[in-house]
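**Q** Sequence:
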Amino acid sequence: MSTSQDPIRKVELFTVFVPFKEYIRDMLQGGSGKVAMGLKVDDHWLGGDFLVCRMTTENGVVGIGDSYSWLVESAASPAMMAEVIRDHLARFVLGRSAFDMELINDKMDNNVARNEMAKGVLDLALYDVAARTINRPVHDLCGGKQIDRIPMSMVLPLTNVDTIRHLVGLGLEAGIKSFRCKLGDGAHKDVEIIKAVRELIGPEAGLRVDYNQAYNANEALAAIEAIAPYGIDYAEQPVKGDDFVGMAWVQSRTNVPLMAHESGFGLRDIVTLAEMGAVRTFGINPERPGGMTGALKAIDYAAAKGLDVVLHNQPSGIGSAVILHMHAARARNICHATELQGHIMMEDDLIKDEIVYEDGFAHLPEGPGWGVELDEDAIDKYQIQDTIVIEA
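Per our numbering, the very first residue in the sequence shown carries number 1; after that it's consecutive.
None of these hints come from the bench; they were simulated from the model. Please note that the accuracy of each hint is not assured.
To be verified - For lysine-lysine, the following DSSO-like pairs were computed, each having C-alpha atoms within a straight-line distance of at most 27 Å:
| hint | residue 1 | residue 2 |
| --- | --- | --- |
| 1 | Lys189 | Lys177 |
| 2 | Lys40 | Lys195 |
| 3 | Lys305 | Lys240 |
| 4 | Lys352 | Lys34 |
| 5 | Lys21 | Lys40 |
| 6 | Lys352 | Lys297 |
| 7 | Lys145 | Lys177 |
| 8 | Lys240 | Lys40 |
| 9 | Lys10 | Lys107 |
| 10 | Lys297 | Lys107 |
| 11 | Lys21 | Lys381 |
| 12 | Lys145 | Lys381 |
| 13 | Lys40 | Lys189 |
| 14 | Lys195 | Lys177 |
| 15 | Lys189 | Lys240 |
| 16 | Lys34 | Lys189 |
| 17 | Lys34 | Lys21 |
| 18 | Lys195 | Lys240 |
| 19 | Lys381 | Lys10 |
| 20 | Lys21 | Lys145 |
| 21 | Lys352 | Lys305 |
| 22 | Lys297 | Lys145 |
| 23 | Lys195 | Lys34 |
| 24 | Lys145 | Lys305 |
| 25 | Lys10 | Lys352 |
| 26 | Lys21 | Lys352 |
Since the model is a prediction, treat every value here as computed from it, not as a measurement.
Based on the sequences and whatever the hints tell you, model everything.
**A** The following block contains the structure:
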């Protein structure tokens, strides 16, 4: 029988690459630049890179967590995160109870600067272990669920308007009532896209935009003001992620809320952006602020400041389950639909049973922990480096 004092004895790390489905690759490569978004990169985007963590306790309780990584945004690859965990972070987990989350996070922060995503992978697995130890879902460790059906949004690539119209039609047929448009090819093209999308979805549907750091501050302000008449929920990351001053300058001059995503990798980033008046919306990925522990603090901080929060990513099935638990536990503080694209974009979601998506909603997985089980066959198929095993 497992107890709350059941210590972690083993940490396993799997570095995984899951290719995009062929039609997704074709769509991305046929869009703007190499990746159908405003980024100025030299390589095509071919799939998802993940670091998957599996923890096992002395009494055999197993928990999982993972992190989606893209070097263009994250500054850390799965292999880099795995090295930091193996050489520096795992020692603060091994031999301790999964319920010692705050102590473990404190140890990691005191001994290793930044590296929020590596810390986040461990934190997410700790939550799964802790919840499975008491045979409860993770959201019960976070105050319980407020909803069990989470509204979904849909991302639209930066490509030709006819393709975008087609994708919007598919989204509307699936019950989607919120759309995120990739922009960044200049204000004229931005307006053309937004006008077409708004005409299709009507005045009541949610419409958000994502510039993927495409502009400098002056360009960003002009581009945002050009589309403002079409009713924009928020404008995501119009300038470089590290340009906090530029974000603050733009936000001070527009009524459209700015959303920080590439800017917000740690709690300090989020606090700094808020205190500078640089944003009115935060994009939270669970692993970025340091796992569930940091993400919940970020959401609660934003709520206390009167700022909005949105959850979106291209996660595996593990990461999707994490985000759904997070949204369910903090639904009153999250006013925007969540966006999960991994199951649409990638060949495999790395879990045994699929998460249910229907009528524009995702169903909260049931069962202990995250409510999903790691598909070991999929890990074997898509793993690109040898498993790292760290034991007490």
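**Q** Any hints this thing doesn't respect? Which numbers, in order?
**A** Hints 4, 6, 12, 20, 21 contradicted; others consistent.
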